[in-house]
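Chain by chain, the residues run as shown.
Protein chains: 2
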Amino acid sequence: MSVAIIGTVAFDTIETPVGKRDRLLGGSATFSGIAASLYDDVSLISIVGDDFEDENFKIFHDRGIDISGISRVPGKTFHWKGYYTGDMNQAHTVQTDLNVLMEFDPIVPDHVKESDIVFLANIHPVLQKKALDQFTKPKCVILDTMNFWIESERDSLLALLPQIDVLIVNDQEIRLLTGESNIIKGLSMVIDLGVNRVIVKKGEHGSIMYNGETMFMCPAFPLISITDPTGAGDSFAGGAAGFIGKHDGITEEIFKKAMIQGTIVSSHTVQGFSLDKLKGLTAEHLELKYKELKGMTDFPVFSI
Amino acid sequence: MSVAIIGTVAFDTIETPVGKRDRLLGGSATFSGIAASLYDDVSLISIVGDDFEDENFKIFHDRGIDISGISRVPGKTFHWKGYYTGDMNQAHTVQTDLNVLMEFDPIVPDHVKESDIVFLANIHPVLQKKALDQFTKPKCVILDTMNFWIESERDSLLALLPQIDVLIVNDQEIRLLTGESNIIKGLSMVIDLGVNRVIVKKGEHGSIMYNGETMFMCPAFPLISITDPTGAGDSFAGGAAGFIGKHDGITEEIFKKAMIQGTIVSSHTVQGFSLDKLKGLTAEHLELKYKELKGMTDFPVFSI
Numbered sequence: 001m002s003v004a005i006i007g008t009v010a011f012d013t014i015e016t017p018v019g020k021r022d023r024l025l026g027g028s029a030t031f032s033g034i035a036a037s038l039y040d041d042v043s044l045i046s047i048v049g050d051d052f053e054d055e056n057f058k059i060f061h062d063r064g065i066d067i068s069g070i071s072r073v074p075g076k077t078f079h080w081k082g083y084y085t086g087d088m089n090q091a092h093t094v095q096t097d098l099n100v101l102m103e104f105d106p107i108v109p110d111h112v113k114e115s116d117i118v119f120l121a122n123i124h125p126v127l128q129k130k131a132l133d134q135f136t137k138p139k140c141v142i143l144d145t146m147n148f149w150i151e152s153e154r155d156s157l158l159a160l161l162p163q164i165d166v167l168i169v170n171d172q173e174i175r176l177l178t179g180e181s182n183i184i185k186g187l188s189m190v191i192d193l194g195v196n197r198v199i200v201k202k203g204e205h206g207s208i209m210y211n212g213e214t215m216f217m218c219p220a221f222p223l224i225s226i227t228d229p230t231g232a233g234d235s236f237a238g239g240a241a242g243f244i245g246k247h248d249g250i251t252e253e254i255f256k257k258a259m260i261q262g263t264i265v266s267s268h269t270v271q272g273f274s275l276d277k278l279k280g281l282t283a284e285h286l287e288l289k290y291k292e293l294k295g296m297t298d299f300p301v302f303s304i
Numbered sequence: 001m002s003v004a005i006i007g008t009v010a011f012d013t014i015e016t017p018v019g020k021r022d023r024l025l026g027g028s029a030t031f032s033g034i035a036a037s038l039y040d041d042v043s044l045i046s047i048v049g050d051d052f053e054d055e056n057f058k059i060f061h062d063r064g065i066d067i068s069g070i071s072r073v074p075g076k077t078f079h080w081k082g083y084y085t086g087d088m089n090q091a092h093t094v095q096t097d098l099n100v101l102m103e104f105d106p107i108v109p110d111h112v113k114e115s116d117i118v119f120l121a122n123i124h125p126v127l128q129k130k131a132l133d134q135f136t137k138p139k140c141v142i143l144d145t146m147n148f149w150i151e152s153e154r155d156s157l158l159a160l161l162p163q164i165d166v167l168i169v170n171d172q173e174i175r176l177l178t179g180e181s182n183i184i185k186g187l188s189m190v191i192d193l194g195v196n197r198v199i200v201k202k203g204e205h206g207s208i209m210y211n212g213e214t215m216f217m218c219p220a221f222p223l224i225s226i227t228d229p230t231g232a233g234d235s236f237a238g239g240a241a242g243f244i245g246k247h248d249g250i251t252e253e254i255f256k257k258a259m260i261q262g263t264i265v266s267s268h269t270v271q272g273f274s275l276d277k278l279k280g281l282t283a284e285h286l287e288l289k290y291k292e293l294k295g296m297t298d299f300p301v302f303s304i
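Chains Y and S, in that order, give the protein sequences. Using the working numbering, read the first sequence as starting at 1 and increasing by one per residue. Using the working numbering, read the second sequence as starting at 1 and increasing by one per residue.
Keep in mind that the hints were calculated from the coordinates and are not lab data. Source: prediction; values computed, not measured. It is possible that part of the hints are untrue.
Put simply, identical chains are the same to the list, so a pair is met inside one copy or across any two.
[Claimed, not checked] The calculated lysine-lysine pairs, modelled on DSS-like cross-linking and capped at a C-alpha distance of 25 Å, are:
id, residue 1, residue 2
1, Lys291, Lys202
2, Lys277, Lys185
3, Lys289, Lys256
4, Lys294, Lys279
5, Lys202, Lys294
6, Lys294, Lys185
7, Lys129, Lys113
8, Lys185, Lys291
9, Lys20, Lys58
10, Lys202, Lys256
11, Lys20, Lys185
12, Lys289, Lys185
13, Lys291, Lys256
14, Lys279, Lys20
15, Lys130, Lys113
16, Lys202, Lys185
17, Lys291, Lys279
Using the sequences and the hints, build the whole thing.
Below you can see the structure in the form of structure tokens.
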């Protein structure tokens, strides 16, 4: 199948306890696109400014990603400046320059409209809907969002949910969305909002998937150090979307495997700045890590 | 095999968002003893005051627990008063009356000295060592402790660790013990302190076991509500100890199953006050929950 991703391409300025970096390639479409490209054919729909040089596109070309849906317009590319301290569980924003993102009006190229998997990465819910409505027959629509939209664009976000197969949120976001502090309780409340399936990311504590009937608790990959958590959530979702796209049928088992693959991809993302650790991942390495995680979590079917 | 447990028997006064209860049967030996008795023969070594009535002993008799090692002396039984708010992740102490616990000098009855499994529940490390040294040939010694001893009795605690097979701590305690905020990194630092194996409890996020070579990440049992978290850690450890005791050999697989069983037992403890949900558990129910947890966490060996 094929994966279309709508989201941001950005330049990031980031400081973590490990170091400080300027003009890093970032954004939700970038991280999720590179992650998805580890598994399947990917098209990106986004916008950049004229400060986005040909060399900046190189990584997308290298990964065989279709960027005909990325508009390059006069002005500056979206820029985020932030820092992390301590255990890096929380991003602190210093500055957000939307720049050309203010003009973003997602146009899905004709040859991308028949994509099977659509990942609506974190942008304004109205733009997410506008993009989604251009696809002709998506088999699986995945949505990411953030606290900001849940609070400021709640109505347009809620209106979009019944069109969504998989909603991906983190632990804070599901609490904000449902008003319920117990995540397990919140899962069914999200299903009641009209999505078919919800995945809650809990950082170092793994993730939980719920389809209204069964639950899957996905472990995190244990790490002894983190370099930069930026893009962890995007590459988790992108990795999962790409893995789903790689397979013909979409089954419960595929979803589980996709979550584990997303977990592994994002565990690499956070071990470097920007795409440093992500871009060179191979299928062999991913499968090795998959088996490693299986080995660390497996236990017998019967206790007796 | 058989399990001997050294710890406290207490009366608790507890307030949680669900309600307030007075003179609840509690203490580390109580919770872990009842939990262990779900699987194996158990002897308790503890101390109570003369306010501890015959009827208070009934639950131990009902579960077939040997209480010949519980001294009943003039004075009042150890009493803890505390409360929990919000998500109940943190116990707040209002009052601790050590009472007869001040006189506790653990004497292991002769017929208990040959116990195979020794669980040193949370008391002063010097008393833990004194108790341990009375056993003739324990096959597995499990130690629990708490922040208070790690800070105030660090030297005696560290001196005890090389005699320990399994150290059980929570996420805060391993950080305090090792000075390392990353738990995964802390695991090998604990092994360097001389224990053979460490288990870190992370509450709703499950637990991790490390033996110096391999890691096992154990999921939590998802719960939509909690009544009272008191005794969760004790019943986790007691359940695991009892499960290990029930089996002839002590293998890596037994340890994994024991952690899952401890997880299930403690998930019941927190759904009621005191021993309300714990005391009636049956082997059939535990096995059912074991399989349920397996179903919620299992994923295929290969992703391809």
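Cross-check of the supplied hints:
1. Taking the shortest alpha-carbon separations for lysine 291 and lysine 202, both the intra-copy value of 21 Å and the inter-copy value of 24 Å come in at or below 25 Å.
2. Proximity of lysine 277 to lysine 185 under the C-alpha cut-off of 25 Å is restricted to the inter-copy arrangement: shortest distance 21 Å between copies versus 36 Å within a copy.
3. Taking the closest pair of Cα atoms, lysine 289 and lysine 256 come within 25 Å of each other both inside a single copy (15 Å) and across two copies (21 Å).
4. Taking CA atoms no more than 25 Å apart as the test, lysine 294 paired with lysine 279 passes inside one copy only; the shortest distance there is 24 Å, against 34 Å between copies.
5. Taking the shortest Cα distances, lysine 202 and lysine 294 sit within 25 Å of each other both inside one copy (19 Å) and across copies (20 Å).
6. Proximity of lysine 294 and lysine 185 under a CA criterion of 25 Å is satisfied inter-copy only: 20 Å between copies versus 27 Å inside one chain copy.
7. In this assembly of identical chains, the alpha carbons of lysine 129 and lysine 113 lie at most 25 Å apart only when taken from the same copy (14 Å versus 70 Å across copies).
8. Taking the closest pair of Cα atoms, lysine 185 and lysine 291 come within 25 Å of each other only across two copies (21 Å); inside a single copy the shortest separation is 31 Å, beyond that limit.
9. Taking the shortest alpha-carbon separations for lysine 20 and lysine 58, only the intra-copy value of 23 Å comes in at or below 25 Å, while the best inter-copy value is 64 Å.
10. Taking the shortest Cα distances, lysine 202 and lysine 256 sit within 25 Å of each other both inside one copy (16 Å) and across copies (23 Å).
11. In this homomeric assembly, lysine 20 and lysine 185 come within 25 Å of each other (Cα to Cα) only across copies, at 24 Å, whereas the closest approach inside a single copy is 39 Å.
12. Only between protomers do lysine 289 and lysine 185 lie at most 25 Å apart by alpha-carbon distance; the minimum there is 19 Å, versus 31 Å within a single protomer.
13. In this assembly of identical chains, lysine 291 and lysine 256 lie within 25 Å of each other by CA distance both inside one copy and across copies; the values are 14 Å within and 18 Å between.
14. For the identical chains of this complex, lysine 279 and lysine 20 are intra-copy neighbours only, at 20 Å inside a copy versus 55 Å across copies, given an alpha-carbon limit of 25 Å.
15. Taking the closest pair of Cα atoms, lysine 130 and lysine 113 come within 25 Å of each other only inside a single copy of the chain (13 Å); across copies the shortest separation is 74 Å, beyond that limit.
16. Taking identical chains as interchangeable, the C-alpha atoms of lysine 202 and lysine 185 lie at most 25 Å apart whether they share a chain (15 Å) or sit on different chains (19 Å).
17. Taking identical chains as interchangeable, the C-alpha atoms of lysine 291 and lysine 279 lie at most 25 Å apart only when both belong to the same chain, with a minimum of 21 Å there against 39 Å between chains.
Of the numbered hints given earlier, the model fails none.
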